[in-house]
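Asks: Residues per chain are reported as follows:
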Amino acid sequence: MLQILIYGAVISAIYALLAVGFTLVFGVARILNLAHGSFYALGAYGVYALTANLHLPLWLAAIISVLVVGVFGVLVERILVRPLRRSMLAVLLITLAVALMIEQILLLIFGSEARNVPSLVDTTHHLVGVDISGQRLLALASSIIVLAGLWFFLQFTRLGSAILAVSQDAEAAQYMGIPSDRMYSIVMGVSAGMAAVAGVLVAPFQTVIPGMGLLPLVKAFAIVVVGGLGSIAGSIVGALLLGYSETIIAFKVSIEWSQIVSVAAVLVTLVLRPAGFFGKRAAF
Amino acid sequence: MNILKVDWIGALFALAALAAIPLVFGSSYIIGVMTVALCYGMWAASWDFMSGLTGRENFGHSLFIGAGAYTAGFLNVNFGANPWWSLLAAPVVAVLFSLLMGFPTLRLRGPYFALAMLSASAVMQNLTIIFSGYTGGQDGLNGLFPILDSTLAYYYLTLGLLAASAVVLKLVANSSWGLVLRAIRGDEATCQAAGINVNFYKIVSLVISAAIAGLGGALYAHYQLQVGPDLFTVVLSINIIIMVYVGGMGSIYGPIGGALLLNVLTETLRGLSEYRLWVYTLVLVIILFFLPQGAIAPLWRRIRFMFT
Chain L
273 MLQILIYGAV
283 ISAIYALLAV
293 GFTLVFGVAR
303 ILNLAHGSFY
313 ALGAYGVYAL
323 TANLHLPLWL
333 AAIISVLVVG
343 VFGVLVERIL
353 VRPLRRSMLA
363 VLLITLAVAL
373 MIEQILLLIF
383 GSEARNVPSL
393 VDTTHHLVGV
403 DISGQRLLAL
413 ASSIIVLAGL
423 WFFLQFTRLG
433 SAILAVSQDA
443 EAAQYMGIPS
453 DRMYSIVMGV
463 SAGMAAVAGV
473 LVAPFQTVIP
483 GMGLLPLVKA
493 FAIVVVGGLG
503 SIAGSIVGAL
513 LLGYSETIIA
523 FKVSIEWSQI
533 VSVAAVLVTL
543 VLRPAGFFGK
553 RAAF
Chain G
350 MNILKVDWIG
360 ALFALAALAA
370 IPLVFGSSYI
380 IGVMTVALCY
390 GMWAASWDFM
400 SGLTGRENFG
410 HSLFIGAGAY
420 TAGFLNVNFG
430 ANPWWSLLAA
440 PVVAVLFSLL
450 MGFPTLRLRG
460 PYFALAMLSA
470 SAVMQNLTII
480 FSGYTGGQDG
490 LNGLFPILDS
500 TLAYYYLTLG
510 LLAASAVVLK
520 LVANSSWGLV
530 LRAIRGDEAT
540 CQAAGINVNF
550 YKIVSLVISA
560 AIAGLGGALY
570 AHYQLQVGPD
580 LFTVVLSINI
590 IIMVYVGGMG
600 SIYGPIGGAL
610 LLNVLTETLR
620 GLSEYRLWVY
630 TLVLVIILFF
640 LPQGAIAPLW
650 RRIRFMFT
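Protein chains in written order, with the working numbering: chain L, 273 to 556; chain G, 350 to 657.
For reference, chain G alone in the conformation it holds in the complex (with noise of 0.2 Å):
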């Protein structure tokens, strides 16, 4: 068999398992576990789809989570709209900030883009905080509507959309764009002297991964129907960043099983919720010197070489 026929024939079957999950066990606790494992999902595999491939390390990826999710929460509890609009506007308004970050930020070299990202998802943290006359401060907003009424449709419903952007951004990073922007993560000078567009690639694929972002932090919010301040904290850019390394930079299928793996783990180990930050922190000194090449996609890169 070749590769790319082993790699649908795994996706069918990671998909089909992921959408087994909820009539084998059933219950409504599980399903949200899962629903909210699938949202940081597509938030490892937005990260991963710009940072991992070019190279670009994006330590504020909760910027845009926190916009998509706000953009939710304001247009559902301010303007009482139509829940569904939520998932459009969302990633529209998470594009605007990256377009607002990546234009300064992204046509240098060096760390500038990393750590202007971590300052502005900080900054973005006590905005929330200081207008709170608009967006509930410390409390957040709240009472936001389910987009649909049982949450198993809704865990259908997120399961499809990261299904979805899943397939999107591995087909891009697999075709001639993603040949480039991985060369832009091998030598960014040497792409520019071959006349291409560096700048260009970097900044369309920010704002596609912020745009997935966007959706995921919509479909949070509606699926725990609060939003707050804590959406844009350092720490959720950084499990992110964690889930990543787990899965293995730059395979996007990676990311995403970190981000199940490490989520089911801490559910799992309940006693240990209070430690989460503990055990993520332990889990990443352990992958950044035993493991760098993370743990998931080389996993699956050996289980295909068995197949082929």
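Bound-form chain L, shown alone (with noise of 0.2 Å):
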């Protein structure tokens, strides 16, 4: 019981992070990222590279890897989704285009087997009765800061200020004199570095493969819907849903059995309460 507690809470702060820059992206932007798995891949695969091949210190190696990842998601942003955001389907597509070649390039150099990621620190607890590895502590708390710092830094900012504006109204966000393109690079950014953020954290107890990113993208895509689509407050409580239903399953009858839960909440949302819990719209 104990442990499905603590076990499901590490699983929902990681789908949060990944839920929120996914819907963050979609609220400010209107782009819905398919490429937002791959920078959770890329993040994870980013710190194997540094450690593995140029021997960088770990927590060096994890810094690197969530920044140049958050720059390669701006420079997505700027030269491929720009150009094509009059329409919803092309930016779809190049966002695909852009997944797909992530994974190419990572099987291309790293090839199909499954990598290891060192530990950040390999101590194991001991709490409230439960054993569990220090990695799963530090994923959890680390994803807490990086969420409540993003909370800080949308409320309290003049930058986040002006992204919420411009999630609001694009248009009247512009005439305001906020550079409303300029938004949606920085939105695509963050999103980025957190996804890369959850794979950084994630990579020491999971198989580092190539298509790691495709999983997590369908995740966050279902607790999005279910937390309602753009809403920040709704993702988190999804990801509270998601991550302590498929751990409760996963527990009590099979890890298996767990990886249907996040379609099947999609569809029951949908039929029940389309808006999701914390939409406002029925739809966009």
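To be clear, the hints were calculated from the coordinates, so they are not data collected in a lab.
Backbone N, C-alpha and C fix where the C-beta goes; we use that ideal spot for every residue, glycine too.
Please note that a few of the clues may not be correct.
Examples of chain G residues lying across from chain L (beta carbon under 10 Å, computed) [what the hints assert, rightly or not]:
| id | residue |
| --- | --- |
| 1 | Leu-367 |
| 2 | Tyr-461 |
| 3 | Ala-463 |
| 4 | Ala-465 |
| 5 | Val-583 |
Both chains come to you apart, so use the hints to assemble them.
Replies: The following block contains the structure:
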């Protein structure tokens, strides 16, 4: 029971990190980013390459990896997405092309076999009667810190207010002198960075393979639908719901069955309450 | 000559050319490549019928393909049914899947349909591995019976079914039905205001699309004599979308041409088959930036213009 509570919290925190970034880009820039899972994979492989090949210390590798993926996200928005913004389908397809390219590049460089990424902390902790690795606790704590930092950034800084303004009405924000295009780039970078943080944190206890980004993308989408597309609070609630239901099913039934939770959640939500728990409009 | 006549003559020429390929080249290798290409043509045309006309992009078409193929596999391997039954059962099962996915997601605007389809196909791929006791897991189901003994005859069967589906899809697309579907792509709210039951049209078009994709899946399964989880992959759906883009969206014949072209292209550049996905991704980026209308359908429109 306590085991479910703690492991569920770790998974939910990682899911929240992924889903909030996904929903942020959609809410602000109206980009449905199918490369979101690839940013997560890039984060994990970045740490692997920097530690295994360049022998950097792990914490430095983690920071560099996240920053590089963030800049990469900005470049993707600036060079590939922006010229195609007129058409939603074209944006979907170009992010898909990015996802395919990243997977192929990873496959080309690292091959298809799973890679091992060392843990940032090697300890095992004994928490309220449950044994848990330090890496999982670190993942939990870091996710909460990053999410809190994002909330602070959006609520209390000028740039954050500008981003929120663009998400409400891009045109009106533009009239007020906010450069909407630049906000899109920034949001894309922040979102990519957050996905990379998630990738870096789970890399030690996940299989690191080139195609590792697909399932997180599916999960992020499911969470965002359950919580309401474009709503950050909704994504966090959705992440808790999905994270805990998956953990409960994984412990009580089998790990395999937990895979189906996300799609079932999407279908049930769309039938019962299409706007999601926190969505204001039925759909965009 | 009027446009319709030129279209029919062009279609007959294309059909004659496809029918002549095995007579000219004759090697079973080329017949095999072309049979697979025809299956892709069926998938691309059926994707285009739903997504190209209504503008609701389907990122999990492989769900229907895999459903059709596995239906064929189960019937054939587990129940020993006559392989001809596959051609009937596969579309039915694919239609059931399309109803399950279409009812919750197609009522909504926005990207729900695209992403729900993507998720569903990814999860089905996982389920085939989880239930490996029934589905054979990673190896899939082996030992399907061929529908026809000769590969040449099977090629003509596939070609015939592709031609029949293409004609049906094209006729529906050109009818008042197709007009409604294109109107939905233009402005859904206006269609609704005009008293059109938009959801009904969208769901029925998905059902038709799924039926033909499932049929193509069964044909593919009985050509390969094997079905595997790779039939549910997102990559397969994406390849199909890229073929449609190369052909030109909303034209039905363009995507078939795109599917044939890309299949033959990757097969001719044999050294490239390792980098198949690279080629496809590159083609997609080029098309998105430089040829948003696609290549084949605009080309045919130009040729048609010369004759009218």
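Asks: Compare the structure with each hint and give your call.
Replies: Right, here's what the structure says about each hint:
1. Leu-367: This interface hint is violated because 28 Å lies over the 10 Å limit.
2. Tyr-461: 6 Å, holds
3. Ala-463: Holds, because the Cβ-Cβ distance from G/Ala-463 to chain L comes to roughly 7 Å (cut-off 10 Å).
4. Ala-465: 6 Å, holds
5. Val-583: 6 Å, holds
Comparing the model with each earlier hint shows a violation of hint 1 alone; every other hint is respected.
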